[in-house]
Amino acid sequence: MDQGRPATGEAPVAAFRKTLSTRHGVVIALANISPTVSVGIGLAFLAALAGTAMPAAFLLAALPILAVSGGYARLAARDPNCGTAYVWVRRALGPWTGYLTGWTSVATNILFLSYAGQLTGQFTLGLLAEAGVRAVSPDDPLAVTLTGLVWSGLIVLSALRGVKGATAVQSLLLGISAVVVTAIVITAFARGDAAPVSASWFSPFAFPDTLTLLGATVMAAYMFWGWESAFSVVEESTSVRSPGRAGIIAILVTTGFFLFSATGFLHALKPEQLADPLSGVTELARTFYGTTGATAALAAMLFATVACMQSSVIAGARLTLAMGRDGVLGTSWTRLHPAWGTPVTSTVRIAVLAVGVSLAGLAVGSLSEVVVAVVNSVGILVSLMYGVGGIACVVTFRHELRGRIRDALVVGLLPLLGGVALLLLGGLVAYQQWTSVDHLAFDAENGRFLTVLPMTVIALGVPAALWTRYRRRAAYFTQPPAPLAPAPAPVPAGS
Numbered sequence: 001m002d003q004g005r006p007a008t009g010e011a012p013v014a015a016f017r018k019t020l021s022t023r024h025g026v027v028i029a030l031a032n033i034s035p036t037v038s039v040g041i042g043l044a045f046l047a048a049l050a051g052t053a054m055p056a057a058f059l060l061a062a063l064p065i066l067a068v069s070g071g072y073a074r075l076a077a078r079d080p081n082c083g084t085a086y087v088w089v090r091r092a093l094g095p096w097t098g099y100l101t102g103w104t105s106v107a108t109n110i111l112f113l114s115y116a117g118q119l120t121g122q123f124t125l126g127l128l129a130e131a132g133v134r135a136v137s138p139d140d141p142l143a144v145t146l147t148g149l150v151w152s153g154l155i156v157l158s159a160l161r162g163v164k165g166a167t168a169v170q171s172l173l174l175g176i177s178a179v180v181v182t183a184i185v186i187t188a189f190a191r192g193d194a195a196p197v198s199a200s201w202f203s204p205f206a207f208p209d210t211l212t213l214l215g216a217t218v219m220a221a222y223m224f225w226g227w228e229s230a231f232s233v234v235e236e237s238t239s240v241r242s243p244g245r246a247g248i249i250a251i252l253v254t255t256g257f258f259l260f261s262a263t264g265f266l267h268a269l270k271p272e273q274l275a276d277p278l279s280g281v282t283e284l285a286r287t288f289y290g291t292t293g294a295t296a297a298l299a300a301m302l303f304a305t306v307a308c309m310q311s312s313v314i315a316g317a318r319l320t321l322a323m324g325r326d327g328v329l330g331t332s333w334t335r336l337h338p339a340w341g342t343p344v345t346s347t348v349r350i351a352v353l354a355v356g357v358s359l360a361g362l363a364v365g366s367l368s369e370v371v372v373a374v375v376n377s378v379g380i381l382v383s384l385m386y387g388v389g390g391i392a393c394v395v396t397f398r399h400e401l402r403g404r405i406r407d408a409l410v411v412g413l414l415p416l417l418g419g420v421a422l423l424l425l426g427g428l429v430a431y432q433q434w435t436s437v438d439h440l441a442f443d444a445e446n447g448r449f450l451t452v453l454p455m456t457v458i459a460l461g462v463p464a465a466l467w468t469r470y471r472r473r474a475a476y477f478t479q480p481p482a483p484l485a486p487a488p489a490p491v492p493a494g495s
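For the record, in the sequence shown the residue sitting at position 440 is 440 according to UniProt numbering, with numbers rising by one throughout.
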């Protein structure tokens with residue numbers, strides 16, 4: 001479809017302003033991935049599964065994601081649409097698969113934002129407690145939720161005022177958090193003595209068995225989740241190639257940071273300490289630098305989480321705007337702010353839905369466990385979404401694979417291998433979790449529960465798709481996609 005025009009043929013929607021460069025895309029992607037938060041609170045979960053093979057898990061996870069990202073870069077250049085995979089999968093694999101891809105992405109985005117809102121509340125109150133302000137406990141659900149709501153309001157306001165300004169805030173927050181965590185890891189290298197650094201930590205043969213390798217790789221892949229947000233602002237980028245470069249740069253930077261941090265933690269912490277979430281970056285900082293270190297670490301986690309939420313809101317709002325243009329959602333979702341040029345309705349509604357989930361979790365205590373369980377098991381959904389995206393790239397460009405070898409690799413072989421690998425990983429982990437227990441229980445640690453939840457997210461999209469197709473009669477299901485932009489001419493040798 002033409003950018004800025006709904007597929008229904010109604011009045012055109014105002015177009016985005018093109019103001020973003022590759023640098024802005026890198027910031028958006030890194031903020032969404034939030035590697036410092038993954039190191040701070042996620043490394044322990046991976047360590048409990050992978051042990052000393054954590055660096056190998058990150059390397060194995062980065063390979064298929066990098067392979068798929070090359071295909072995404074080409075898709076963004078040839079079909080620059082802020083709906084990203086929701087649009088690209090429809091072109092290649094049909095509207096039903098495309099719709100479920102978009103549905104899953106929106107659902108996981110909302111669930112993550114509700115979870116991250118709770119994190120901002122916990123980090124804020126924990127930071128106040130470290131500073132001696134103990135009027136409210138970081139363990140008080142109501143106080144945590146209300147504090148998270150305040151942060152959510154500030155994040156929405158920042159996102160509405162423009163992506164360029166939001167990336168300036170994100171750069172500051174990410175920079176501070178990266179400096180703090182990097183300092184802690186460097187100290188871990190200098191003062192740690194739990195184990196000497198070993199090359200075996202980077203070997204895929206370091207895993208005790210194949211199932212552990214697969215599970216650790218999927219969990220590591222989940223920690224890369226968010227790199228594709230660089231593509232959500234393709235319609236606001238001065239060059240359609242900028243998002244592709246930004247996504248790949250963000251993946252490479254994140255991979256290096258994960259390897260660096262995992263190696264430092266393995267060197268400084270004993271296995272039982274490493275696998276304990278309470279012995280993460282905050283307690284390590286406390287060990288090295290006392291209360292000041294713990295306070296700095298909590299501040300780093302808070303800043304990185306706020307930047308992550310901001311990036312998630314930006315990406316989610318643009319996806320729902322694209323759905324509004326296609327008639328999948330109402331046209332009100334497409335409205336841009338007259339002064340700031342941002343998707344005001346989509347941004348506010350995405351945030352309101354996330355807040356609603358947080359409040360529901362507060363009212364019905366067990367629902368909070370469901371949200372946390374979905375976030376913890378979303379690696380399956382991430383693997384499936386990225387896998388389908390890789391396959392969509394190959395199908396889209398299948399008629400162009402007989403040209404240059406580079407094209408055959410970038411949009412053919414590599415996305416195919418990466419996509420198939422991620423689909424298999426997601427499927428095998430679902431099978432592993434399901435067979436790990438002999439009964440289904442409403443428990444965030446029950447393997448069958450952790451398998452049913454992500455599958456339920458997808459299944460709920462089926463009746464929504466049927467209603468959208470046959471009651472709303474969305475153009476997304478009935479009108480063919482617009483032709484791809486022409487392939488760029490090959491650059492003459494020596495030019």
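There may be inaccurate statements among the hints.
[Claimed, not checked] Simulated DEER-style distance windows between Cβ atoms:
1) 238 to 440: 28 to 36 Å
2) 479 to 443: 42 to 50 Å
3) 168 to 189: 53 to 61 Å
4) 200 to 252: 21 to 29 Å
Please keep in mind that the hints were generated in silico from the structure rather than gathered at the bench. Glycine residues also receive a C-beta, built at the ideal position from the N, C-alpha and C atoms.
Hints, verified against the model:
1. 238 to 440: 28 to 36 Å: 51 Å, violated
2. 479 to 443: 42 to 50 Å: 45 Å, holds
3. 168 to 189: 53 to 61 Å: 32 Å, violated
4. 200 to 252: 21 to 29 Å: 24 Å, holds
When each numbered hint is compared with the structure, violations occur for hints 1 and 3.
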